[in-house]
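Colleague: For the record, the sequence lines run as chains F and G. First residue of the first sequence: 1, per my numbering; consecutive thereafter. First residue of the second sequence: 1, per my numbering; consecutive thereafter.
Rather than coming from a laboratory, the hints here were simulated on the basis of the structure. Heads up, some of the hints might be wrong.
With a straight-line Cα cutoff of 20 Å, these simulated SDA-like cross-link-like pairs (lysine to any residue) come out [to be verified]:
#1 G:Lys65 - F:Leu388
#2 G:Lys65 - F:Arg9
#3 F:Lys13 - G:Leu57
#4 G:Lys65 - F:Gln19
#5 F:Lys13 - G:Lys65
#6 F:Lys549 - F:Leu567
#7 F:Lys13 - G:Val58
#8 G:Lys65 - F:Leu528
#9 F:Lys13 - G:Thr69
#10 G:Lys65 - F:Glu18
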Amino acid sequence: MRWFSELGRRLRKLFHPEQFDADLKEEMRLHRELREQEQVEAGVAPEEARYAAQRRFGNDLVLREESRDMWEWTWLENILQDLRYSFRILGKNPSFTAVAVLTLALGIGANTAIFSVVNAVLLRPLPYPDPDRLAVIWVTEPSAPGGLFPDTAPDFRDWQAQNQVFEGISAVTIAGATLTGSSEPLQLRGLSVSPNTFQILGVQPQFGRSFSQDEGPTGRNHVVILSYGLWQSAFGGQKNIVGRKVTMDGETYDVVGVMPKDLRFPTFWGRNPQFWTPITMDAPKWKTERSNHWFWVLARMKKGITLNQAADEMGTISARLAQQYPQSNTGVIARVKSLHEQLTGNVSEVLWVLFAAVGFLLLIACVNVANLLLTKSVGRKREIAVRLAVGAGAGRLVRQLLTESVLLFLLGGVAGLAVGVGALRLLLHAAPTGYIPEVISVHLDGRVFGFTFLIAFVTGTLAGLIPALEATRLSFSKTLKESGAAVAAPHGLARGLLTAGEIALALVMLVGAGLATRSLVRLLGVQLGFDPRQVVTGSVSLPDSRYPKEPQQKAFFRSLLDRVQALPGVVSAGAASELPLEGGSNGPVVIEGQPAPKDQWSSPLVESCTVTPNYFRTMRIPMLSGRDVAENDTPDVPLVAVINESMARRFWPHQDAVGKRFRHNDPDAKWITVIGVVGDVREFALAEPAIPEAYYPESQSTSSGLVLVVRTANDPQGQVPAIRKALHDLDKDLPWYSVQALPEMVSDSSREKRFVALLLALFAAVALTLASVGIYGVVSYSVSQRTREIGIRMAFGAEVRTVLGMVVREGLRLIITGVLVGLLGAWALSRYLNSILYGVRGTDLVTYIFAALLMTLVALVACLVPARRATKVDPMVALRYE
Amino acid sequence: MHQNEIPSGTLYLLILKALARSGELHGYEIATWIEHVSDEVLQVEEGSLYPALQRMLVKGWVTAKWGVTSGNRRARYYRLTRLGRKQLEVEVSQFERVVAAITRAIQTA
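Please construct the entire structure, taking both the sequences and the accompanying hints into account.
Modeller: Structural data, given as structure tokens:
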């Protein structure tokens, strides 16, 4: 505190130098005049009196100078002096400085880039007012333990009526629509939301208004709010858009508002909605059904309510509902999650892993630079000894050496910031879409700058401390008397420990990268169950307004498939309600001849998908037994289904499933006969094994929307215009949307893992390089220090092999120590890697052995180079060396 | 009367003491106080008061404020801080130790 107030006074003086001088002059003049006056009063002649006063006072110019000096910043002066000296030293060793700054720029830059993401995703609040009060509510289902599901309409209404903890809760569900009226029909991504959704988020439309309370559950719902992007692209940004009518799915909607450009709507409900309509929850299937889980729930907690309180309240309500509706709500418990966790939970674990990896990288870079500094300080032994001898305080000397290393690291920090900015740009560019939640913008802010310079400063101090302390341990007489080589021992130890440490760190990173890579290989080697090559897919949705009847829809799809099938270059075409890897919907089933479950929720769940004939053939999903669905599987004949292998094995193990029957768990559901068994496909993600699934013929189901699947002879993308034309020939107002080649979709689904594995491999490669440079430096230094000894040995007839062995043995000791410690470290840290692993255990022996061998090999090569140099020592030169 | 330079290092002590006794003083008053109480034995090289006062300002032993003298002139008045009062004690006890030691040395001879 005392120091602090002194700083304040000094600063005041520093900023008002003229005032300071004027004050001094004035009080000194007063002094002289008072003295003069006293002399005059005592009877001295006025002239005499003035001289006397001046004499007694002294030289006021000198005195003012002295007064100013009292305020001098000696410590600052010292620092400036140290800095000047440090700059000179660094400038005198440009190659040393360049290597050190470059090493640090890599280490610090990687940290800056990853920290920018950590800062944006994990540390900064979400871009909404009072974001801590935003939450999402899911429900659990006893039939799918561990899973979290959207809510049902009746439950949502009960929550709304009964809770005391939320300022508001709103329901959101996906609503795609086809926009017509302009030139091309456009398929839009949209959301149906409760009217209060925007209010809960705290966002306002840029033009027009939000939804009003009566637009929603039961009232007027043909109003729409457009996203800024849609307003620009489809309506040319016309200012008079609000109040206009647009046609979506053949129905007329009033545009009531346009959302601002920078609106960031929570992304876990599908990316970038282009429009919002008010939700209608009175559709018959939603009104009373307590098992139709359709609604995501967004909530804003009341001020002062914690997440735990909200969770408790929702738990109580869930228990009450379970008592009231045991049939549907037993075991259905509402789970409250903060919106932040919802949006960042997936990525946070991976981010911490990456952050740890770059942290290790920085440590390795630090150790390298510390080693360089050590080498240099040994070279400067004499200089330091002389400075100590002529009376430089040890403290002052340590400060000088520390200033040097901190300066070096700060230079590294500046370079690192530049590297980091570039790396961050690359990182964001390479990151899979949506991997970093879109509500979050990643950019550099004060915290990132602060972090960069803080790590530069702290690591600089740490790295400088060892050489500085070592250097001042030198005793004057010993150093000046002895030759350089003999005093190397204490440095040797510090240096050895540092090097073994960096080998250990690099090995941990190699193991991490190895595990990630092996996971990726496993993932890419997964049997998809279908053949994506040459297949292009895209969706078609028939609006209810123009295709209200089932036969119309079926007829449309049939003629569309016929036309596509007939296109030159098309091998076969089919359609399905869902594609593999994209998930789907499921429902409980009852198996004929097996005991019926006591309630709906304990019956087994089976994925369902609607397919046309030829779908399996087009996807090359193997038909294991029985037959494909056919056109003549009409609603008039008994219901049929093709099931996958998992379903056959689960319900009819060791039997032929064909001919067996099952039905949906619904009192009036009809029996469905299994007509065929197909191979399993990956339904949800590459990493998720197949689960029981049933495929129902499109001819016996209702589907107003299907995904077209077209196998082409050679060029899937080239067929797109022809397919689109076939569609438009049938109906010019229907878009073919979400068009993509199937191989791309498959590769997209592993993009996340590839990205992480790539980053870890990159970091590990840098770490391996740095660690090798480190051990190379240590061994070549030791060789240079032992030139004379080696020379003598060779003069006495030591063989090349012996000398080589001697040098390599020394390096090998460090390598083995480092590798052992690294293996232990990797093993201890491996459990934190679970989030990035697939099909490989964190303790996978092969990876460990391979990483250890690679590390040892590279480090040995790094030793061999200086060792070979040692054998070339000419004994005569060596002996003349000193 | 023979006048003596004040012993080196005791200027702070004397200034602190002057301010402790009289509260607020300007530079000239401090100089005359020192001469006066020492029966004119101790004479300050008057100008050197000012660097000393600046040092004391830096250290936070005294504070300074512009005021008006009885003769209606603007003058900078100095006043002890709590820190200054503590420093006075330190300097007094230090001085007494030195004097006692010197005295012992002289008497032994």
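Colleague: Of all the hints given earlier, name the ones this structure violates by number, lowest first.
Modeller: Numbers 1, 6, 8, 9 - these are the hints that the structure violates, sorted from lowest upward.
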